[in-house]
Amino acid sequence: MYVTETHEQVRDMARQFADEVIRPVAVDLDRDERFPGEIFEQMGDLGLFGIGVPEALGGPGFDTLAYALVMEELSRGYASVADQCGLVELISTLLVRHGTAEQQAQWLKPVMSAKTKVAYCLTEAEAGSDLSGLRTTADRDGAGWKLNGGKIWIHNAPVADIGFVLARTDKNAGHRGMSIFIVDLNAKGVERGPKEHKMGQRASQVGALNFSDVMLPPEALLGEEGRGFHMMMSVLDKGRVGIGSLAVGIGQAGLEAALDYAQQRKQFNAKIADFQGVQWLLADMAKDIEAARLLVQSAAVKIDRGENATKACSMAKCFAGDMAVARTADAVQIFGGSGYIRGFEVERLYRDAKITQIYEGTNQIQRMIIARELVKHGARG
Amino acid sequence: MKILVPVKRVVDFNVKIRVKPDGSGVDLQNVKMSMNPFDEIAVEEALRLKEAGKAEEVVVVSIGPAKAEETLRTALAMGADRAILVETDDAVEPLAIAKILKGIVEAESPGLVILGKQAIDDDSNQTGQMLAALLGWGQGTFASKVELADGQVAVTREIDGGLQTVSVRLPAVITTDLRLNEPRYASLPNIMKAKKKPLEKTTPADFGVAIAARLRILKTEEPVRRIAGVKVGSVAELVDKLKTEAGVL
Numbered sequence: 001m002y003v004t005e006t007h008e009q010v011r012d013m014a015r016q017f018a019d020e021v022i023r024p025v026a027v028d029l030d031r032d033e034r035f036p037g038e039i040f041e042q043m044g045d046l047g048l049f050g051i052g053v054p055e056a057l058g059g060p061g062f063d064t065l066a067y068a069l070v071m072e073e074l075s076r077g078y079a080s081v082a083d084q085c086g087l088v089e090l091i092s093t094l095l096v097r098h099g100t101a102e103q104q105a106q107w108l109k110p111v112m113s114a115k116t117k118v119a120y121c122l123t124e125a126e127a128g129s130d131l132s133g134l135r136t137t138a139d140r141d142g143a144g145w146k147l148n149g150g151k152i153w154i155h156n157a158p159v160a161d162i163g164f165v166l167a168r169t170d171k172n173a174g175h176r177g178m179s180i181f182i183v184d185l186n187a188k189g190v191e192r193g194p195k196e197h198k199m200g201q202r203a204s205q206v207g208a209l210n211f212s213d214v215m216l217p218p219e220a221l222l223g224e225e226g227r228g229f230h231m232m233m234s235v236l237d238k239g240r241v242g243i244g245s246l247a248v249g250i251g252q253a254g255l256e257a258a259l260d261y262a263q264q265r266k267q268f269n270a271k272i273a274d275f276q277g278v279q280w281l282l283a284d285m286a287k288d289i290e291a292a293r294l295l296v297q298s299a300a301v302k303i304d305r306g307e308n309a310t311k312a313c314s315m316a317k318c319f320a321g322d323m324a325v326a327r328t329a330d331a332v333q334i335f336g337g338s339g340y341i342r343g344f345e346v347e348r349l350y351r352d353a354k355i356t357q358i359y360e361g362t363n364q365i366q367r368m369i370i371a372r373e374l375v376k377h378g379a380r381g
Numbered sequence: 001m002k003i004l005v006p007v008k009r010v011v012d013f014n015v016k017i018r019v020k021p022d023g024s025g026v027d028l029q030n031v032k033m034s035m036n037p038f039d040e041i042a043v044e045e046a047l048r049l050k051e052a053g054k055a056e057e058v059v060v061v062s063i064g065p066a067k068a069e070e071t072l073r074t075a076l077a078m079g080a081d082r083a084i085l086v087e088t089d090d091a092v093e094p095l096a097i098a099k100i101l102k103g104i105v106e107a108e109s110p111g112l113v114i115l116g117k118q119a120i121d122d123d124s125n126q127t128g129q130m131l132a133a134l135l136g137w138g139q140g141t142f143a144s145k146v147e148l149a150d151g152q153v154a155v156t157r158e159i160d161g162g163l164q165t166v167s168v169r170l171p172a173v174i175t176t177d178l179r180l181n182e183p184r185y186a187s188l189p190n191i192m193k194a195k196k197k198p199l200e201k202t203t204p205a206d207f208g209v210a211i212a213a214r215l216r217i218l219k220t221e222e223p224v225r226r227i228a229g230v231k232v233g234s235v236a237e238l239v240d241k242l243k244t245e246a247g248v249l
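Taken in sequence, the protein lines are chains A and B.
So that you can map any letter, position 228 of the first sequence is 228 in the UniProt record's numbering, and since no number is skipped, the others follow by simple counting.
So that you can map any letter, position 81 of the second sequence is 81 in the UniProt record's numbering, and since no number is skipped, the others follow by simple counting.
All clues stand as given, with none of them false.
Derived DSBU-like pairs: lysine-lysine, alpha-carbon spacing no greater than 35 Å straight-line:
| # | chain 1 | residue 1 | chain 2 | residue 2 |
| --- | --- | --- | --- | --- |
| 1 | B | Lys67 | A | Lys302 |
| 2 | B | Lys67 | B | Lys197 |
| 3 | A | Lys271 | B | Lys32 |
| 4 | A | Lys198 | A | Lys171 |
| 5 | A | Lys287 | A | Lys271 |
| 6 | A | Lys115 | B | Lys195 |
| 7 | A | Lys266 | B | Lys20 |
| 8 | B | Lys32 | A | Lys354 |
| 9 | A | Lys266 | B | Lys241 |
| 10 | B | Lys50 | A | Lys109 |
| 11 | A | Lys115 | B | Lys145 |
| 12 | A | Lys271 | B | Lys219 |
Don't read these hints as lab results, they were simulated from the structure.
Everything numeric in this text was worked out from a predicted model, so none of it was measured.
Pulled out of the complex, with its shape left as it was, chain B reads as follows (with noise of 0.2 Å):
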């Protein structure tokens, strides 16, 4: 079986996000970029899979400009086989995402997608859930387990109200949340031989995929700044100023 795994180019995580100053967007001139942490989760997966000798190949991809291939690089440094770019300059809806995907899919038949639940950047959780309907395939979100035997797919999600274990028939769709795995580093040796392996470029309108956007952004502001909290004295004092202050007793 083989599976595949889209990865996103995001800001990593550790940067402290700026809004530009015409509040068009997040500005990212030279700010770091990583893989998206939920993605990283999502290839550590495919390869334990692959190392628990059920899978044969994971082949990553990712949708984005020239740079992305470094995002690639990355996950063939952690020991994906061959990566797959998907150039274009243009910001991507998840919807057109999700179609693109589904022209690779009709061309490498995977056995598994995984995807990480979201993106840390646009927050919107959709790609994964948009290519199962697309696909016509099951799906299990948010896993914090992945459990694979005899064609189907057991799926523990993390829900609101605790976990739930779905099954779901093989081929599937799996978003991962963050408690599945923890990502490896990728080591030296990895990181050389990452430099040699396959990494196919195509664009969009190979897949005749339009990525026209269907959203328009209006504004984009900075969160609005917290304020230092009070130190209270003793309890006394703190139900007084819950009553008296905060109004919520």
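Chain A extracted, bound-state conformation (with noise of 0.2 Å):
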């Protein structure tokens, strides 16, 4: 609909990487949780990291629909490869945005070739979905910051050589007193919690961070004190995109692995592809993974023509990711007993799909803001 031949080949080259680099080690990830440092560098060399980020500032310059054709492909390979995808997409937007030339000239080419390793820390135990229970603090110190608090489920967070982390610096401004800082996290001060180990997506790193009196010099602020929250905020609609697009992925995936099985097994002497309850599970399938990619293209494409897009990336990321969860269970399903089996592409599918219903605001709070959109700009708006 919305696809040029330029995003044609951007989606093929991400299709053909996927298949030959990622898919087949897929399994071996997913088994031993282990971080792909070596594919992550490839893709950084491909210019699969930062696919937003201007010519002028060294990235490829690609629209936020390249950016989620990527994405699916990627996700199609395993999820746990383009989620690293989304967090540069992220980390790299906020730069580009936000970040002073010094700071761009500074990260933007290390974190896109992925020598340097990001986290995205907004989560706290007492501030999730809502940020308004947002502890951590930086206090001015000197001409810089000082950095006290604790951020979970940070993706990266085992790994990482930078954080950029969302704290309070005005404690009585509400929204308005967060900033973003941009930290060592390897500096004095920093401990590491250790990694969690997920129902899916294991190949993700994710963990605690605490800071204690973790000293920031004055170029760690980004962009201006006291709109953190607003930075943070603008960078998600894109997030959505990126998620709805990986969910699409996992879905493809469940039902391409579902297909393929379903002309080979036989039961009662006959394919089980000839059964009419196996077509409507393939049917639904496809018909629902592909509402869903439109969906995520459409969102993306407002996102590129400067409108306002909130309503349509949160219906993108909720109808994706809804879907992904229904639509593996649906492969298990055509897959039965195997289906169930450790080894088995569709019982990682299923696993990985889960997240995506709650990660990048849960699927609830994307109704949430659906429903406002609504109510605000009415049924047509």
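Both chains come to you apart, so use the hints to assemble them.
Spelled out as structure tokens, the structure:
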């Protein structure tokens, strides 16, 4: 619908890379919970990190639609690999929009080449969907700041070199009292919690970070003081397109596996794909995946056209996440007993899908946003 | 030195080919098309020679429909410097392709022409050889290794009995075999840059080449379906079946 020839080239490259490099090792990465640094370095060389970074700043300069296409294909290979692409996209978008020329010069290149590993540090024990409970603080200390507090469930926390940390700089200013700091995670006072063992997307390294009197230089502040909450929010639309695409990729991988299996597996002297009960499962998978894909692409195009994309992005993320869970469950169903066994792709896909209803804003929050936008702008707004 | 690499737009190698119901050819409606895989290897080899400082420019050319521009953009995204599209909607046979390429070689004067050994659609395996003959140049076909030095190119060829190395004086024609190299992925920055690289459009008439068909396709058929094999319980049973059923012992 919106996909140009150049977009197709990007998608084809990502698809080939996923087929040749990612998908063959996904089962091992899942089993071993291993951080695939060697794959990320290759992705850095291919320009798959920081897809939207403008050419003037050393990036490929692609639009959100290209990012969505890449995320779907990488995720079709393995969602944990795609999620790293999504993380770097958010960080680099923050740097492009809000970083000083010095910060861009210092961080964009190493982050895009995957030489510097990043973490996006929002969530705390008392602050998840509702960030008003944020307790991490950065207090003025000379020319710089002193950081104290703790973050949980932070993607890349066990391995990251730098963190983009949301902290309170003014306790009395609510959402206007939060700022973002670029924090050296090997600095004195930073403590990493143990790696969490998750249900799905197990190659993604997730854990806690604790900060006690971590000294931050003045240049650690990203953008304007007190604008941290708004900066974080400003990249969420794009983030939701990313996670929506990731969910579509999981669904697509499930459909491909299930369709293959249904055409091979025989019962009662017939391929199970010949039975209507199985056909309906396959048909529902295909139509819901396509619907989710088009919602995601339409949301991406809204962002690229500079339109208000909040509702579209929430609808895409919410629908795609719910779709991925329901339709990978169907894929497991088509595989029957085999689909319940570790090592079969669909078993992993079902586990990998679940988090897409939770992270980047739970699907309950997405529904709140959709309803709020409806009330604000009307049924056609 | 300049290297010329002809590339062909063919049905993607992953596509399950369907024959048209009337048997007149292969159904190309809504089928994914890509660069011929052997041509990708040719582009890659040219780029490696350039990166090794042995060539200054890589020019890609395609003869085919307007859509072949996509194939050229792919080659440009891999790293080729510029492209020439010789546009025609007619099916062009190897001899006519070779004649058009001869015209391009005369205009561009490359030191090397690197082609895929064959295209995976018609599997003719003729264009490279015909081009060398028309130009009166040496040729090294089915290359699995290419070494360039002192105005000569040593081409290791994959032949039935093993490997053969020939030394060819430049300018020369090389055709690539599967094991010559592994083509690179086009990176995102290079895909973006490829949009701005020069692509010149011409027609077969510009080279004075008549592309009228010399071959007539009588019929296109699907290959006979392979029937599933039989599992045997023991070596004795296998030997017995080879004797009594297959009759090969």
